[in-house]
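**Student:** Construct the entire structure; sequences and hints are all you get.
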Amino acid sequence: MTPAEHGPRPAASIVVAGYGALTSGILPHLAALPDTRVALTSRHLAQAPHPTISLITPAELAARSPDLILGCFETDTRHQVFWADRHVTTAVTEHRPACLDLSTISPERAERWHQEITALGGLPWECPVTGSRPGARAGILSAFLHAPAPHETAERALLAFTRHRYRFTAPGNPARFKLIFNAWGATLLYAAGEFARQLPLRLGADYPEAARIVTTDGWMATLAAQKLHRITERSYEEPDFSVHHMIKDLHYARDLLGDLPLLTAALNAFTEAESRHGPYADFTAVADTRGTP
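The sequence shown begins at 48 in the working numbering and counts up one residue at a time.
Just so you know, not all the hints are guaranteed correct.
Taking lysine to aspartate or glutamate and the EDC-like style, the derived pairs with C-alpha atoms no more than 16 Å apart in a straight line are [as the list claims (entries may be wrong)]:
| hint | residue 1 | residue 2 |
| --- | --- | --- |
| 1 | Lys-295 | Glu-319 |
| 2 | Lys-295 | Asp-123 |
| 3 | Lys-295 | Asp-253 |
| 4 | Lys-295 | Glu-121 |
Per label pair, the in silico range of CB-to-CB distance [as the list claims (entries may be wrong)]:
| hint | residue 1 | residue 2 | range |
| --- | --- | --- | --- |
| 5 | Glu-158 | Pro-247 | 46 to 56 Å |
| 6 | Leu-102 | Glu-199 | 19 to 29 Å |
| 7 | Thr-311 | Thr-124 | 17 to 27 Å |
| 8 | His-97 | Glu-202 | 18 to 28 Å |
| 9 | Ile-103 | Tyr-327 | 22 to 32 Å |
| 10 | Pro-96 | Leu-304 | 47 to 57 Å |
| 11 | Glu-158 | Leu-206 | 18 to 28 Å |
| 12 | Arg-281 | Arg-214 | 31 to 41 Å |
Hints are computed from structural coordinates only; laboratory data are not their basis. For every residue, glycine included, the Cβ atom is placed at its ideal position computed from N, Cα and C.
**Tutor:** This is the structure:
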């Protein structure tokens, strides 16, 4: 029998759960995939954010015959609530999709999730990402992945919105790495804010030259080029990554790493920034706390 006699290949079905800074940027890339139907389930939206994407309830999930369920959730609790929902477990049991989860969660929750999805017959792809809102919109996120087996639709989806994919060999290790990675970055950003504020204060009219140096020369240039303008302009609206989410990640990191002095100092500073600027200020607000000159 020829391929034509088989009829057209059925479109792959992707269901995305949760609509936030990351998934709002990812959805257009998924919608652009050929031979793919994309649906979104969200607690908050009243209409679909993209003309080719269907907005569905969890009760409709199984009827979509998903090849891939993609989730991204704020906390361990929200993660567990979604994946344990009876409509979700029914869809996983009946259709055995890949489950691609982008959440930054605790390693303990990640390991339990692998066991839960596997027991239902699904394929867990643990995949926290970095790159924040700009990376999601540009389709250039970096992914930290543990996938126990290949899956064509999951791979196609991941290729659509990531530039780099780093593979780990053990369940929970992407979560461990992401927490250390975020805690390290948060500590660097906290320190950068402390010293960046000194440049205009101490150099006056020479500040533009100092800013040019730190954003283009030396090992700090990448961080400074991305964040210095937000720090000096106190531009904390339209968060690339929110203070609130960083605090959550730092709490998980402290559970993993213990009470490291630098980590605790950064956590205290981000907590103060949240109190001063609100939970959904950009995380560069850590540079603007009560001690700011």
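**Student:** Tell me the numbers of any earlier hints that the structure contravenes, in ascending order.
**Tutor:** Violated hints (numbers, rising): 3 and 10; every other hint is consistent with the structure.
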